Amino acid sequence: MDILIVEDARDQRMILSVVLKKQGHRVFEASDGYEALNVLESHPDIRIVISDWMMPNMDGIELCEAIRNSDFGYYIYFMLLTGNSDREAVVEGINRGADDFINKPVDFAELGARLNAGIRIIELKAALEHKIHTIEKDLESAAETQARLLSEPAKIQSVDFNWYFQPSRILGGDMFGYQALDGETLGFYQLDVAGHGIPSALFSFSLNNTLREDGSGSLVKASFSEPPFYRIKEPNEVLVSLNEQFQAKPESMLYFTIAYGVINSRTGSVTLSQAGHPSSLWLKSGSKSVEKIACGGVPIGMMPDMTYKNVTIALQPGDRLFLYSDGVTECENDIGEMFGEDRLVASLEDAFDHTLEAMISRVEQDITNWTGADVFEDDVTYLVLEWQP
Amino acid sequence: MPFDSKNDAGHTIVSIDETRLDASLSEPLRIYLFDQIDNGSDNLVIDLSQVRFMDSSGLGALVAGLKKMGGAGSMKLASAQPAVMDLFSLTSMDKLFTILPTVTEAIKEK
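In the order they appear, the protein sequences are chains D and Y.
FYI, in the working numbering the residues of the first sequence are 901 to 1289.
FYI, in the working numbering the residues of the second sequence are -12 to 97.
Isolated chain D (complex conformation) (with noise of 0.2 Å):
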């Protein structure tokens, strides 16, 4: 172990440097806390620091403060030597930073054990980060799983589709999707999975995986073998299949809040159902208005045999869908206030000349400029689509 002896005397900090050195340590000397702090920054093997209390410039307890409040990014065990056996002096010690002390003068064999219990409690923290670092790189690798799993901004037959997208954490429990169902039909939806987190993540993949059509039949597409040989489920439909399937347990309520809409590309109808799902926002081209599609509904998981509405609506050329979660409106300010569903309209009115990337950068920036951060408490996440016939 990498060993710093700071003591300003001189025939102390030779005696305790030998005996260390005997132990099998390799030993470093400073004089003072200022060539301490010195050592220590040209050193970063150095873990262990046994430091005189009473010292010229500055101090040991002065020096202890000044290794934690910098930033060297493992930790390092501060022993203070004292020949203070004062109670207050050793209470303000710890409090200030110090791991442990010794009295002078100073018992070698207690020093050997005292520095044997710090040596163990290095170990332990450099486990403890070895396997941190493990998890973490295991969480970013879902991440990029997860980044993978999304939709690439695309024109499909004449809708465009573009999105922003930014989990709270490293993983986050929000998704969407949008797909072809057929020449004229497209299916579109943005969900929410509660809470954050692995369990959240893996839900939300494996929603992903459901609601995807890959032309054998599924949960959005019916399949026969007699002509027509298929029929687009209606959303609502839609919603209520999930439902029986992803039932919540009450021990874990991992449920989720979904849109899910289908839209016929030559006519520009579309069909919108909603469980528990802020509201989807109509952005009329014509009116540069934004008109809230209001169908509530139990989240998904909640309870058995609930029932959705559907809701449809027929776009105009140009006009814009805007399907969002929660996280959006969600975000606070830092007196705790939050950005709210006026101010989203406000955002979206304000970019209705802009174009589709234009104005998902425009609504980025206004959230986080409210934020002052871009690190967001829940997953943010919002799903725009322009028909364009």
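Derived by calculation from the structure, the hints in this document are not laboratory data.
Here the structure is a predicted model, which means the values were calculated and not measured.
Just so it is clear, CB atoms sit at the ideal spot from N, CA and C, and this is done for glycine as well.
Any given hint could be a false lead.
[Claimed, not checked] Lysine-lysine pairs mimicking DSS-like chemistry, simulated, CA-CA at most 27 Å apart:
#	chain 1	residue 1	chain 2	residue 2
1	Y	Lys55	Y	Lys97
2	Y	Lys82	Y	Lys97
3	Y	Lys63	D	Lys1209
4	D	Lys1192	Y	Lys97
5	D	Lys1209	Y	Lys95
[What the hints assert, rightly or not] Looking from chain D toward chain Y, a few residues come up when the C-beta cut is under 10 Å (computed):
#	residue
6	Pro1128
7	Gln1145
8	Gln1147
9	Ala1148
10	Glu1151
11	Tyr1155
12	Phe1156
13	Pro1178
14	Ser1179
15	Ala1194
16	Thr1207
17	Asp1226
18	Glu1230
19	Met1238
[What the hints assert, rightly or not] A few chain D residues that don't get close to chain Y, going by computed Cβ distances all over 12 Å:
#	residue
20	Pro956
21	Arg996
22	Phe1001
23	Ile1022
24	Asp1082
25	Ser1116
26	Gly1197
27	Ser1261
Starting from the known structure of chain D, arrange chain Y on it as the hints suggest.
For chain Y alone, kept in the frame of chain D given last:
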């Protein structure tokens, strides 16, 4: 513990003494509700008068209690503030719970 319960006319009134019922409180609330149910409370009234904000995980804890009861007994929600009522309406909670303006009305409601 920011939860309290008292018995009144055959009902267990659970009050939540926090302004935010979010992810940090949802698990303790779920456990508290499960304990009440395990200890034989089968007519619960949740007093939400202190709660100014509830998110989806808070909602999850309430529904978890309802699922745990499995149709035996009742769970009513009382005194929800406007933002919480908005969440209830967005998520159609009136289909799952009896929602009443006050605890007194919740106790009277059959």
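12 Å cut-off, C-beta based - Arg996/D kept clear of every residue in chain Y
Check passes; 31 Å lies beyond 12 Å.
Between Lys55/Y and Lys97/Y, is the straight-line Cα distance small enough, at 27 Å or below?
holds (21 Å)
Is it correct that the beta-carbon of Pro956/D has no partner in chain Y closer than or equal to 12 Å?
holds (48 Å)
Holds or violated: the hint that Pro1128/D contacts chain Y, with Cβ atoms closer than 10 Å.
violated (34 Å)
Tell me if Ala1194/D is really an interface residue toward chain Y, meaning its C-beta lies closer than 10 Å to one of theirs.
It holds, given that the least Cβ distance between Ala1194/D and chain Y is near 9 Å, below 10 Å.
Please check whether Ala1148/D passes as an interface residue: C-beta within 10 Å of a C-beta belonging to chain Y.
holds (8 Å)
With 10 Å as the cut and Cβ atoms as the points, is Pro1178/D at the interface with chain Y?
Result: holds, 7 Å to nearest chain Y Cβ.
Under 10 Å, Cβ to Cβ, is where Phe1156/D needs to be relative to chain Y, so tell me if that hint holds or is violated.
holds (9 Å)
Minimum Cβ distance from Ser1261/D to chain Y greater than 12 Å, as the annotation requires:
holds (27 Å)
Holds or violated: Lys1209/D to Lys95/Y, with C-alpha atoms at most 27 Å apart
Cα-Cα ~32 Å, so violated.
Consistency of the no-contact label for Gly1197/D, given chain Y and a CB cut of 12 Å:
About 5 Å separates Gly1197/D from the closest Cβ of chain Y, which leaves it inside 12 Å; violated.
Given a cut of 10 Å on the nearest C-beta pair, is the interface hint for Thr1207/D held or broken against chain Y?
Holds - the Cβ of Thr1207/D comes within 10 Å of chain Y, reaching about 9 Å at its closest.
Hints 4, 5, 6, 7 and 26 from the earlier list are contradicted by this structure; the remaining hints agree with it.
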